[in-house]
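In case you want the letters, here they are:
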Amino acid sequence: MASARAVLRSLALHGILLAAAGLMLLPFVWMFTTSLTPSAEILTPSLRLWPANPTVTHYAEVLGAAPWLRYFWNTVVVSTASAVAILFTSSLAGFIFAKYRFPGRDLLFIIVLGTAMIPFESYMVPFYLQVKALGWINTYQGIAAPLLIMSFGIFFMRQSIITIPDELLDAARIDGASEIYIYRRVILPLSKSALGALAILAVTNSWAFFLWPMIVISDRSLFTMELGLAMFQRAFTVDYGRITAGSVITVLPVLLAFLILRRSIIRGVTLAGMKG
Amino acid sequence: MQELAARAQPLQRGVSRRTLAIYLFCYAGLAPTLFLFAYLRIIPIATTLAASLYNWDMIRPIRIFVGWGNYLELLQDANFQTALANTSILAAGSVVLGTVLALLLAVTVNARVWGAPIYQLIYFLPVVTPWVPVTVVWKWIYDARFGPLNQAIAVFGLAPQAWLVDERLALVSILIVMVWKTLGYNLILFLVGLNNIPQEYYEAAVVDGASGWIIFRRITLPLLRPMILFVVVISTINSFNVFTPVFMMTSDIQGAAGRLVRTLVYDMWENGFRYFRVGYASAEAALLLGAVLVLTLMHMRLFREDR
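Here the protein sequences come in this chain order: A and B. Counting from 1, position 98 in the first sequence corresponds to residue 98 in the numbering used here; the numbering is continuous, with no gaps. Add 276 to the 1-based position in the second sequence for the numbering used here, that's all there is to it.
What the hints contain is simulated information worked out from the structure, not anything from laboratory work. Quick caveat, the model's predicted, so the values are computed rather than measured. Warning: the hint list may mix true and false statements.
Partial list, derived from the structure: chain A residues whose beta carbon lies under 10 Å from chain B [stated by the list, open to error]: (1) Leu18; (2) Ala21; (3) Met24; (4) Leu43; (5) Thr55; (6) Val112; (7) Ala145; (8) Trp207; (9) Phe258.
Short derived list, chain B residues pointing at chain A, Cβ under 7 Å [to be verified]: (10) Thr405; (11) Ser487; (12) Ile491.
Idealized CB from N, CA, C, for every residue including glycine.
Please work from the sequences and hints to get the whole structure.
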């Protein structure tokens, strides 16, 4: 019976997929349930997925213990600045690399792409000294500085703009349009979906940025969500109820955004693979 | 039309006024981007390479040229040796496990099962979750006395383990978190790769009577090679730069009771920002950079020769 085999096969496939999904989800489940578990119950060894006496006291304590809204706002400011700068530089440079010929073009393009192979961590120390010399320690500019450009963004915008037919640009030129006008009124409107994907990638990157903000920021009022949670963990090392409640608070906006924008986020984050 | 597009004008004797205007637009338009690249990337990279040859303390302004001195000292440095060994193990482990597991899941998801988009969504959750909350919850999972993992293995009659305290287990624990965090990313890339394989190839193979395993080995794997290479390169670079999980879960600064899993970036951060040894940390950074470049080029060669 072919159908019996098909059912067996389908069961096996779902078995594998469900087991993997369970392993992926369990840490999130534990994060949430631990945050609702009274401290005394956390410290009794037993395997539970739901507390016997759920409580929200950890949240009450955590919300008062750190300015989470402030951290959230700081993260929004930095990632917006990063996204705006990356969208501007990537679209303009991508347009020029895609649609013009000029001496030195290929060399400049190779330099832009070549630096993408070099991890930020490897030149972070001199970078810190540069930022310090500018007086940008403990400022928004300081956090955002390494996030203003993205090699991949330029490459991606170039690949996207190259598909826009030259005839459209030539037609605009016959009508007397300048190159800047073409960039603003022809290229940008036609690149909306690529720009959207790139914006999501930029925001995701800067949202998760941790090591650099930790180095450049010591002023509590400028902490990002990541930094705020790390410092919170340092203060309440073994108070798992509180630190998981803090984690839920920082994870919530990210997961909400992901569930709403899931398609574009998955596309944005994996953009880099499309060229393969 | 000719004078409209600069591409129609190769560099000949005279360059028309129109072409000059185009050049001007190109250079002016690229100027902000190139300035940022120079200031934010090229200058600090060059400074790193130059600083690695100096004995340079962040607190005092004196720099003494020491040539290869920092590199020679690094090779003798027990902390650096540990960091290099740990980083290599974590990188190798997470690249192999992350690639193989993601490939298996991708083929399974791709087998047109019901609910595939939901599975993809779930597998992608750890990817979008930032590192710090991830490490907070995993530290709790690994907690030796009350953590869920020890309670879970007790159900199977296994003795509790000191996950983040024992030297080897700590490395394994960090590796598990790294694979958990990146699996969904690799998976999505493989799904993109699988979608790009023309359906006719599979149909032709089925007509020829090929079995599932043969189809996988003869069609799926070879055609997926560019994507596998990409995943391997990306995971190598990412795992060589691992910092947040070891810092959050095993370092004394974050109040870990356990043993520090020292990695290259952690050691570099410590030399640079705790001991303020700019030159020494730069030499370490230069070695990290070299290692990442060599590994990337090696992967590219390896996969090209196989073809």
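Agreement of hint A/Thr55 with chain B interface, Cβ distance less than 10 Å: The hint is violated - A/Thr55 has no Cβ within 10 Å of chain B, the shortest such distance being about 17 Å.
Minimum Cβ distance from A/Ala21 to chain B below 10 Å? With a closest approach of 5 Å, the A/Ala21 hint holds.
The hint names B/Ile491 as touching chain A; please verify it with the least Cβ-Cβ distance against 7 Å. violated (15 Å)
Regarding the hint that A/Met24 lies at the interface with chain B, is the smallest CB-CB distance below 10 Å? This interface hint holds because 5 Å falls under the 10 Å limit.
Is the hint on A/Leu43 kept, meaning its closest Cβ partner in chain B is under 10 Å away? holds (6 Å)
Checking hints one by one. Is A/Ala145 an interface residue toward chain B, by the C-beta closer than 10 Å rule? Since chain B brings a Cβ to about 6 Å from A/Ala145, closer than 10 Å, the hint holds.
Let's test the interface hint: is any C-beta of chain A closer than 7 Å to that of B/Ser487? Check failed: Cβ of B/Ser487 comes no nearer than 14 Å to chain A, outside 7 Å.
Quick check on B/Thr405 please, does its C-beta sit within 7 Å of some C-beta on chain A? Nearest chain A Cβ about 6 Å off; hint holds.
With a cut-off of 10 Å, does the beta carbon of A/Phe258 approach a beta carbon of chain B closely enough for the hint to hold? For A/Phe258, the interface hint holds, since the closest Cβ of chain B sits about 5 Å away, which is under 10 Å.
A/Trp207 as chain B interface residue, shortest Cβ-Cβ below 10 Å: Since chain B brings a Cβ to about 6 Å from A/Trp207, closer than 10 Å, the hint holds.
Quick check on A/Leu18 please, does its C-beta sit within 10 Å of some C-beta on chain B? OK, holds: A/Leu18 within 10 Å of chain B, min 8 Å.
Return the status of the interface hint for A/Val112: holds when the least beta-carbon distance to chain B is below 10 Å, violated otherwise. holds (6 Å)
Hint check: violations occur at hints 5, 11 and 12; the rest are consistent with the structure.
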